[in-house]
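K.L.:
Residues per chain, in single letters:
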Amino acid sequence: MKIRPHIAAMILSIALVFAYGPSRLPAQGMTTDTQIAYYQQLLRRDPRNAKAYYGLGDALIRKARETGDPNYFNRAEEALKKSLDLRAGNPGAMRHLAYVFYSRHEFAPAAAQARKAIDMNAADGNSYGILGDALLEIGEYDEAKEAYQKMMRLDDSLYSRSRLAGLKSLHGDPAGAIADLEQALAAGEATRHPAESVAWTQWQLGCEHFASGKLKEAEAHYLRSLQSYPNYYRALAGLAQVRGAQKRYEEAIDLYQKALAVLPMPEYAAALGDIYGKTGRPERARQQYELVEYIGYLNTLNKVLYNRELAYFYADHDVKAQEGLELARQELNYRRDIYAYDVVAWNLHKNGKLEEAREAIDKALRLGTKDAKLFFHAGMIYHALGAKDKAKEYLARALGTNPYFHPIFADMAAQILKQLETALGPAVAENQRQGG
Amino acid sequence: MAMVSLAWILLTAGSVTAHPLGNFSISHYSEIRVGRDAIELRYIIDMAEIPTFQEIQENGITPRLGDSSLDGYLARKVEALRNGLLLEVDGQRLLLAAESTEIIFPPGAGGLPTMKVGVLYRGRLAGKTAADPYLLNYRDGNFPGRAGWKEIIAVADSGIGFSRSSVPATDRSSQLSDYPTDLLNSPPQTLEARVIFAAQAPTAAAARAEPRAATDLSRPGSNSSVTASLANKKTSTPRVWIAVPPEKKSQPAVGDGLIRLEANRQATPKSSFTELMATKQLGVGIILIALAVAVGLGAFHALEPGHGKTLVAAYLVGSRGTMRHALWLGLIVTGAHTAGVYLLGGVTLYASQYVVPERLYPWLGLTSGVMITSLGLFLFLRRYLTKDDSYSHRHDHVHHAHGSGHDPSHAGHSHHRHEPGREVSLRELLALGISGGIVPCPAALVVLLSAVSMQRIGLGLLLIVAFSVGLAAVLIAIGLLMVYARRFMFRFQMNSRLTTRWLPLTSSAFIILFGVALTLQALQSAGILPAQL
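Sequences listed follow chains A and B, in order.
Per my numbering, the very first residue in the first sequence carries number 1; after that it's consecutive.
Per my numbering, the very first residue in the second sequence carries number 437; after that it's consecutive.
Next comes chain B alone, as it looks inside the complex (with noise of 0.2 Å):
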């Protein structure tokens, strides 16, 4: 039978390209699809030339669509595929019965056979889903160790949602007809899941037609909630889950219940450089949006109460400040400023240059996370502290002598700025811009240091010009303000209790629970704590 099967084999062979991952490769794709009464299992193996022609020897199989070799190989095949297949909901092993199978021998390497089998699993699930949140487990033990693509998506069907995934909703091979063979693609190696999910509302359900993909496990947002509600469930008594098994070709409620396999679309392989180019144009549209929000962010942050920046206004206000001089502190503060901010991203980027980036990210994360928590509880203490905030704004507005008050560097020029009639030096402006500007501020800081985290650390500079770009607009365009209609500082005054406590206080503590989550983020990259789920 083998040397039937191994001459047909030569017989056959003509010249057709080898297969895409190795001609020794075994590939795995799982589609987990819950729905609100089972759960589809689509499971597919491709192999390559050499493991289907020890299939072919070992099975005595005869590689032609049809042939009646094929009937009780395919059965053994589901079988022993399930074997190797491991689908939990809370713990619970679901039994899994095969619903739909199809073999197909698409020509690899010279003509030769490969082989791809696809099995459509079914496990029924213990009554209807209820809306609290169930974990599932899946693990594929098929031919460990061999080389292959092995992918695994899970998708919810209406009605069930998914609060965490371990893996996407999409595949990136189509079923393991057409796997992508750029640098940036390297076969994925994923053998194991876990989904939480749970049922909707109905008018939920309803609404939705269409599947809904799963959140992305490690998007940090809604996690705790989710931890903290399926630890509580734990804590509760326990709902039994009985694996009933399936009957036999029973409608199929999820799905169309039909496996189909595809062989491999390799005609038009894709190029690298498109891809490249691809991620670049979508990566230039997502940082002028990124610099259009930095822009912003600036001039914001030059309209901040008890900075010390509104006092480039109060100076010229009082000193006879011409529109050149307007001009020129407002862009020696944002120079200033920006130089401060670069420092400190310059020595981020020189260390880079000698450590392993994948060493030095996640500490670099943990230092970022760190610094930004520090500097939240600074400032939310200094601002708790401060008893009667409203005074020293005030000063700042109205008084523009005493500068910020709280920066000893500003004191200096207090005393020269009650003599009327002085000229403005340009020397004297250098010495306030920079004093006034160089002290890196929050709001920069949390920009490059996000940007770091984002191991985007020149995204980060460029991120700063921008903010500066913004700063100096604003500040300029208060400079000229003050120096043509006076009386606009009067309008603009900030002093009430809101804005000069409580708003400050809320945004330090924003702070504070921004640097918390980044650190813990890079806490769990560097390894020390365990990532959940």
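The shape of chain A in the complex, shown without the other chains (with noise of 0.2 Å):
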């Protein structure tokens, strides 16, 4: 009798392995799409691997901000549900949630929400960093700052910098700002964060100098962050802002255009609309608008929280005065930051609500925030109640603070402002301007 015990066990062994199919290890490179096939290959064997819903939950919200696709925010909460059912006690996935729902607009139950993985783990920074993101948008600054602080103290990381970063840009530091963003930026190539991450920093850097009428810093950084992620859709929407202030707008278009085949947000469209009518082709700029009236209406359709810039749009193009001051007061059922009252004042200055409009835009001023478009709308609000000190002061100040804020707002701001000076007296105007 001649048995082959060892090659039998061998050959058995081998047959065993390849029965499971070849091993499906994680591909390399980890982008964020061969992240999420790899957890859901791990799902596939074990449906209750509460951990492979986590990362699944994770890579998702990845996909989500690189894509803007928020279909996949909803596929994240689906996948962290799952994992907090197979075992309750992950606060991470409690914080991951609390970041969808705040992706999603439903700040309150955000704050819930990081509050309870908070309550699950009080030495995880980045649920004080949700906390703090919510907080911001229901306008609770004190709060939203004293989460950041201790998020900072217990995780000194690109996430916790660019937060502080954005919070002193809202009161009105953005030196300070734009010192943290690059610490931030420091912080995030050293620990080589994902890519998105670090190209979400760099637009941020740019947005700051931009906001600061720094255009040729601006671009450097929008550029750079384009690097890091290419065909980043904030960013090619950045630099299209540059290129529009630059007068290059050929550029500016050809950008636009790119940024709305990646994401078409509707903010986007309403500036390359902008850019279409001040270079005379107005058939062009109203298939602009038509294309934002009608990604506001899906969005109703959707049941979507977010139609705030469907308000600017129709405060700022003169139409639907009405229907925007409808939108824009919905917005304060669920967000009360700085911008929702501003969106508020500028729909009631368009409906000539002018005593009610000055009340919201000295909410919207009241952090100190250095914001052209704040400036601006202050402006016109004063100019249009005939308080022609307060006028010029806003307006002045929205061109210093940055004279390239809008293609076509800056232009008119100058224009005001030279009217309101004119009738003032040279000498006086004179004055005034240094004073201011």
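Treat the hints with care, since some could be wrong.
Computed footprint of chain A on chain B; a stretch qualifies when at least three of its residues, placed anywhere within it, have a C-beta under 8 Å from a C-beta of chain A [to be verified]: (1) 456-466; (2) 486-500; (3) 532-542; (4) 580-587.
Below, computed lysine to aspartate or glutamate pairings styled on EDC-like, alpha-carbon distance capped at 20 Å [as the list claims (entries may be wrong)]: (5) A:K81 with B:D618; (6) A:K216 with A:E251; (7) A:K258 with B:E491; (8) A:K370 with A:D124; (9) A:K278 with A:D316; (10) A:K150 with A:D124; (11) A:K373 with A:E393; (12) A:K216 with A:E182; (13) A:K353 with A:D318; (14) A:K258 with B:E494; (15) A:K51 with B:E491; (16) A:K320 with A:E293.
To be clear, the hints were calculated from the coordinates, so they are not data collected in a lab.
The C-beta atom is built at its ideal place from N, Cα and C for all residues, glycine as well.
With the hints as a guide, dock the two chains, each given alone in a separate frame, to form the complex.
P.N.:
Structure, rendered in structure tokens:
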């Protein structure tokens, strides 16, 4: 009796390995897509793997950020909830869920969820970060600041630094914000954060510089952002804005079109329409404006709580004043940040409700944010109210903060300012300008 | 014109569900069908509400079937889409001609139109495909960066065989008409494909009416041979590939030459729960098979020569063992053996709790591979260097006194065994069983490490239990046989040159190869080695 047990054992074990198919180890590089596929693979083998569901949720959130596709947030929510069903005590999944709510503009649930995550693990800085983000949108600036500071103490990283930067920017300290963002970027590059996170920070730096009227620096940061994450839609649109300010309109149009090809954001379409209008192509401009309304209509169909852009669009283009005001006021129901008051103020102004508009714009300006758009809106409201000094002051501040803030409104601000100055007399105007 | 279409859209708007992939998605689908003298490309674009609106705006079309505004638009679209596609065979770009086109406007959210465009492109190959392998490269560069479902499949027509394909042969979305929406089926993002194909022998071609499915790329089995033959081909005289423009409306050589589109069938969304249940049930079947195989492995393992386990039987023969002793000793050896392997698995599991799995697995795979390789090398060398292996084995089975000879832990016992008539104590049984079983043996280790490299540590542990069950069953059976029929041992000798030398050598060589394969795969997935193709 000749048995070959050893060989038989080997053949059987090899057969066993191949019966399972080849080992599908995570593919090289681990891009977001391969990461998603990897966790799905794990879950196909073991549908009760709570950690894999958590990993899948994390990867889907990153995908949502990269593509701007909100569908991925819904999938991420599903994955994270499954993970929590399987294993309730995962603070990471709780925190990610808070981020999903935040991204869908469900700010109050996001804050509540973040607090739950903090209760489970008070040492997780990221939970404080998301709590702060949600509080910022609700308009609880002091509480938000507190949350960010706690985050910073626990975890000095790209994520905490960039959040502090955002807060400084809102409080009228662009230099501080830029310094924080630079540090955030250094931290992110040192610890090899995901490419999108790095690109986001670079884009944010571009935005800060642009807000201060520094076109060269803004351009450089947007270009770097595009290097970190090619075809990054935020950076494409940012660069388009710079090109518009530089009066390189054809390049601006091309860049806006590229950004829209990745993600049709209504604000990009509106900005592209404005450039078309400025360069004498009203038909093309109208097409873009129609697209903005179409997206707004779809958002209503899909019950998306996200129509601030449409409200701004209506007021900016002097159309559908009543609808714009309604949309803006709806925003206040779940979001009371300074821009919620700004969009209400701007729409009230277009509806001729000037006193209410003045009250609203004061609330928008309460943090001392150095944003040319806010100053311009304030200037226009005071101008309509007949408060010439205030109007002049705000319009001058708008242009002083960023003379390129808008392809149409920057010119308008300069024109009105000039009228006001000539009305007051050149000597007084000169005096005012130096004083302001 | 644009205003008319906008008005039309808003008038016909009803209430239908939104596009399953989001209002602004653009989904791609490519089906590459390789025939003997042509390659067919079935290309479908599915635009959700917002991109459809943009198309309507920019082109001034009316989204209604048969509308005259569509004629020129479709021709331009076919051209524009083709410019974004690259189909190469052996580095030569194929000229694609549109054979058939279709456009439909299924209603989406609120009855707003969505749009599907399908084009059947065809690229003729210069001459008939020969038996040497060809390399097909495909890239879809349309709508870069836009979210959507991006799927490519490749199928071989009769007479053609794929030796490798980077894409599957069946689709998951029924040509973009039925998107799976569960969590485990997130949209594929495939925009490139590589296929190696060749003509098959005519007899084989005739026998196969159905198109052959491509082998999965990630299966490591046949890789090396194909790459090798491809490399050979590259160095030999290059065959000239001339892309010939296809004749207008020529007879379709492959497929039916028509493209048909379907609206999304999302009325019955697939429940993720049933999907999971399905995979779970499938899993149970596979696990049962795996368990049975593991039991068999354990049984074979008990019969392996030169591993000190037959010592159990030998001991019982020489020490007046009873049936109860045989049972105990079998169980103890098995228990110790299982514990040894578990210890290793436990460490692995523990490590995976604290390290991000996706970082850990390539390294675990690598460790497993290296361990298996060195184990194989060690066994091979030991067996090779042991000049007269048969002697020690004869010892093992006949003289029953020295155990496996190589293991010093057994030496202590050998003194007692010549004392006839001595009662077998439980302590002795334990010492013997544990020392004989604790060292993880190659076969069990291979099973466990394979499971680890497949990211199934839990299953690996279960398999070890099954393995041990097989082991115990055979050990106990042998023990019982020994107790009641000592002479059986002599019929069971395996001391011929073949079984004592060549078989162990071959088997350790197998282990080495297996380990090297695992190591290479782990290195690839860790990104250290470039993945070929």
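K.L.:
Given the hint that A:K216 pairs with A:E251, test it: the Cα-Cα distance must not exceed 20 Å.
P.N.:
Holds. A:K216 to A:E251 sits at ~16 Å (cutoff 20 Å).
K.L.:
Taking beta carbons only, do three or more residues of the segment 580-587 of chain B come closer than 8 Å to chain A?
P.N.:
Check passed, 4 qualifying residues.
K.L.:
Regarding the pair A:K278 and A:D316, is the alpha-carbon distance no greater than 20 Å?
P.N.:
14 Å, holds
K.L.:
Does A:K81 pair with B:D618 here, judged by a C-alpha cut-off of 20 Å?
P.N.:
14 Å, holds
K.L.:
Is A:K150 close enough to A:D124, meaning Cα to Cα at most 20 Å?
P.N.:
10 Å, holds
K.L.:
Hint check: A:K216 vs A:E182, CA-CA at most 20 Å. Holds or violated?
P.N.:
16 Å, holds
K.L.:
Starting from A:K320, check that the Cα of A:E293 is at most 20 Å away, please.
P.N.:
11 Å, holds
K.L.:
Quick check: do three or more residues in the segment 456-466 of chain B have a beta carbon closer than 8 Å to a beta carbon of chain A?
P.N.:
holds (count 5)
K.L.:
Cut-off 8 Å, C-beta pairs, minimum 3 residues; does the coverage of the segment 486-500 of chain B by chain A stand?
P.N.:
holds (count 6)
K.L.:
Count the residues of the segment 532-542 of chain B whose Cβ falls closer than 8 Å to any Cβ of chain A, and tell me whether that reaches three.
P.N.:
That given contact is violated, which follows from only 0 residues of the segment 532-542 of chain B lying within Cβ reach (below 8 Å) of chain A.
K.L.:
Given the hint that A:K258 pairs with B:E494, does the C-alpha gap stay at or below 20 Å?
P.N.:
15 Å, holds
K.L.:
Sort out whether A:D124 lies within 20 Å of A:K370, counting only the CA atoms.
P.N.:
Violated, at about 32 Å.
The structure fails hints 3, 8, 15 (numbered hints given earlier, in ascending order).
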